[in-house]
Amino acid sequence: GGEGGSGGSGGGASIGLWLASVGNPSVVGNVIQSGAGGSAGSGGDGGNGGNGGNGGSANGTNGSAGRGGVGGRGGNGGIGGRGGGGGGGPSFGVAFAAGVAPTLTNNVVASGLGGNGGVGGTRGNGGEGGFGVAVFDANPNDSFHATLNNNQLVAGIGGSGGSSGGQDGATPGTPGLSDAVNFN
Numbered sequence: 001g002g003e004g005g006s007g008g009s010g011g012g013a014s015i016g017l018w019l020a021s022v023g024n025p026s027v028v029g030n031v032i033q034s035g036a037g038g039s040a041g042s043g044g045d046g047g048n049g050g051n052g053g054n055g056g057s058a059n060g061t062n063g064s065a066g067r068g069g070v071g072g073r074g075g076n077g078g079i080g081g082r083g084g085g086g087g088g089g090p091s092f093g094v095a096f097a098a099g100v101a102p103t104l105t106n107n108v109v110a111s112g113l114g115g116n117g118g119v120g121g122t123r124g125n126g127g128e129g130g131f132g133v134a135v136f137d138a139n140p141n142d143s144f145h146a147t148l149n150n151n152q153l154v155a156g157i158g159g160s161g162g163s164s165g166g167q168d169g170a171t172p173g174t175p176g177l178s179d180a181v182n183f184n
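For the sequence shown, the numbering used here gives the first residue as 1, with consecutive numbering after it.
Hints were generated in silico from the structure; no laboratory data involved.
Source: prediction; values computed, not measured.
Note that beta-carbon positions come from the ideal geometry of N, C-alpha and C, so glycine has one too.
Errors might be hidden in some of the hints.
To be verified - Taking CB as the label site, the calculated pair distances span: (1) THR171 to GLY71: 51 to 59 Å; (2) ASN51 to GLY165: 21 to 29 Å; (3) GLY12 to ALA97: 16 to 24 Å; (4) PHE183 to ASN76: 49 to 57 Å; (5) GLY29 to HIS145: 48 to 56 Å; (6) GLY78 to VAL154: 46 to 54 Å; (7) SER9 to GLY47: 15 to 23 Å; (8) GLY69 to GLY166: 42 to 50 Å.
Work the whole structure out from these sequences, hints included.
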């Protein structure tokens, strides 16, 4: 069979304020609004299968029964599977990296819409929708967390999951997370 198609590219992120390598910053009295995350690309088509082989030769011996005929040509290989759709780009009002513990006070923080996941086609998985999260912790499992005091947090709508035809076990993408924060 042909080679599988390439996966779709992911959508670009939109981040209102990115905090990295700054320790314990304070963000006070701001209005922070991010734009929409970018939509993802669709999965690529699979490659064509190779040509079938030539038929076998007639190698029988001549005798009273005669010689066998030439075998028929083999069939072409199948088309490769379609690549999966890319993930939609996220939208974060404020995002902070691992090792950063910001304090946000008296802010309005809003995220835009998450980007839509890419189409997987008939046999490719659909891409996940992009997140729409007002305050996003890049590593919510580490020991660094945000302190939130008197903020108005507005979550954008998560992007739609990409579609899939569902054949051969392919699944549609899940919708993106929509929440004020992604941590407890």
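Q.
Need the list of violated hint numbers for this structure, in ascending order.
A. 1, 5
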